[in-house]
Amino acid sequence: MDTAVFRLDGVTKRYGDLVALDNATLEAGANEYISFLGPSGSGKTTLLRVIAGFEAPEAGRVHFQGRDITNVPAHERGIGFVFQNFALFPHLTVVQNVGFGLTHGKSGLTPAQVEQRALEMIELVGLSGMEGRGVDQISGGQRQRVALARTLTMQPKLVLLDEPLGALDANLRGRMRNELRAIRERLGVTFVHVTGSETEALAMGDRVVVLDRGRIIQIGAPGQVYDHPATPDVAHYLNRFNLFEGKLSGGQFTGPFGTVAVPSAVKGDRDVYAVRYDRMRAVALDAAPTGPKIRATFIASEYLGSAVMNFFDAGDGHVIEMEHHLSLGAPQEFEPRQDYLLTWNPEQAIVFGREVR
Amino acid sequence: MSATPTIQKRQSNTTRWLLAPGIIWMCLFLVLPILMIVYVSFWTQTTFNISSDPTLASWKQFFASDTYTGALWTTVRIWLIVLATTFIVGYPTALFVGLFVKSKTLSTVLLVVCVIPFWTSFLIRVLAWRPMLGKEGAINIVLLKLGIIQQPIEVLLFTELSVIIGMTQIYCVFMVGPIAFMLSRIDRNIIEAARDLGAGFGRIFWKIIFPLSLPGVVVGAIFVSVMVLGEFATSGALSGRKVNLLGNIIVTQVGSLKWAMASVVGVCLTVVMGIVIAGFLRIVDLKREL
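These protein sequence lines map, in sequence, to chains Y and E. The numbers in this note's numbering rise by one with no breaks, and the one at position 282 of the first sequence is 282. The numbers in this note's numbering rise by one with no breaks, and the one at position 278 of the second sequence is 635.
These are calculated hints, taken from the structure and not from any lab test. As the structure is a prediction and not an experimental result, all values here were calculated from the model. Just so it is clear, CB atoms sit at the ideal spot from N, CA and C, and this is done for glycine as well. Hints should not be assumed to be uniformly reliable.
Said to hold, decoys possible - Between beta-carbon pairs, the in silico distance windows are:
hint : chain 1 : residue 1 : chain 2 : residue 2 : range
1    : Y       : D136      : E       : L614      : 55 to 63 angstroms
2    : E       : T371      : Y       : E185      : 52 to 60 angstroms
3    : Y       : E302      : E       : L375      : 40 to 48 angstroms
4    : E       : S460      : Y       : M309      : 51 to 59 angstroms
5    : E       : T371      : Y       : D169      : 29 to 37 angstroms
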């Protein structure tokens, strides 16, 4: 039995010589919030457009609600798409935008029914009282809601959102994050959310799909991806790890910090030693820490409210970041351009190596 | 003392200086001449003389004569027909150039191609239609050779039809340009969004594409209208003097030094153009759209 809402089987998409998607396989259940995380050019938007039907894959199949929809045109798929720049109809009012699909599609509803459905949806996204405004007379966050309402009136079982929060300012982004989740929970449909922001992906997704150069490199719950990144690239995109290149051999990792014993390592395409920002500690040069250590120059610190980020230069422009949560006490004070020893508990490091089987 | 009033004063001075050249130019060479024409239209014209004694004689003569009122209606008729033909030929062209051609470079190249005829002089462009449309012209020769017709089609040249064909070709690009510009500014995502919401091509065209291109249609229509209403060369060269537009009357009257009558026709033409432009501007709020 096929319980998945949608399933991708080995989807491949090329633009000339560029491979935008390489054999992507993925399954999503009903009532799930999935986020696609990846740097720009990783193929996450292409993947979304293939699911929506705006792009045809060269190979592979797309299944939706147990049906092969690879060759079904976009508008017959019953999949909603929310565009990055919202793509609202600029000459129509809010209610006309929201009702567009019902008015001009195959809904068979009377104008009065269309208006009623549109108004219900406008209320759901919290825009009551704005129905008659032109879409250039409302704010960015409100436009985002109109775009969402316009898609949701069609009652899709799957909603695809292409960097929906990218066009909003930071404050609004945080609020819309909660709203999106709440709206999704109320409707019980599956959301697929594309983002370049690791905090957004981790905060919003029930599952996170990490993409790199057209390939899906990890699928997992946010906590799992965060604690056990599958490859050095995932660790890199999460933007939470200091990565050290080096060599893993015989349970010993040799990096810029010397040679450290490695109790367990993960198979990787290259040898990388990763330490989370909040696992780093800095001590004075004359202290003698027991663990691995690397000498680095303090550059600057950034106050983030709940934590302080300290930046150190380990030479050759390799910046090491150290996060100090303020709940753990007052932050250490560092002298600019002074050298310190950075150290960590080697048991908390994640090591990737080619020699691991 | 605050500095704000000084800054405001300086700004309003700057505004005045920036506006002055344009205003002086327009007053000297537009407003003043128009007032002059209105004034001269009330002058007394005799066969060899003109005096500034006010009279309505020229105005009465204009509206009493079938030749003059006929020219007015011919002008309006030809204007409406050419407006329609340039729109019918121009809109699909603009749709192709502005919306269907995905590459910006290619669409620029295509627009330049549309402008190539303007590399030759206006008169050559008009006269080039004669060997095309004439009794022994290219079109008739081809049709005769193909056996589609037995007798050459004579209605092609020196008729109202030839004037319309000529004007459509010359002014079409002024319709294509503004429409293509507006169409190229439409966000492609909007069209994809409409399609995703289940609207068919016809609905998307009539509910999204056409309304969004309307400002371009209005600007194009204004360009074409202003030029066609003031036309005299195309009708002179391609109608064999059978089609007289208001422009042709002005040329003849000025040629025979009938300044008062020429002014009356000029005032009528200006009023017609004013009404037409005001009418078009009511359709869309250009200030908001552009």
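For this session: Go through the numbered hints given earlier and state which of them the structure violates, listing their numbers in rising order.
Result: 4
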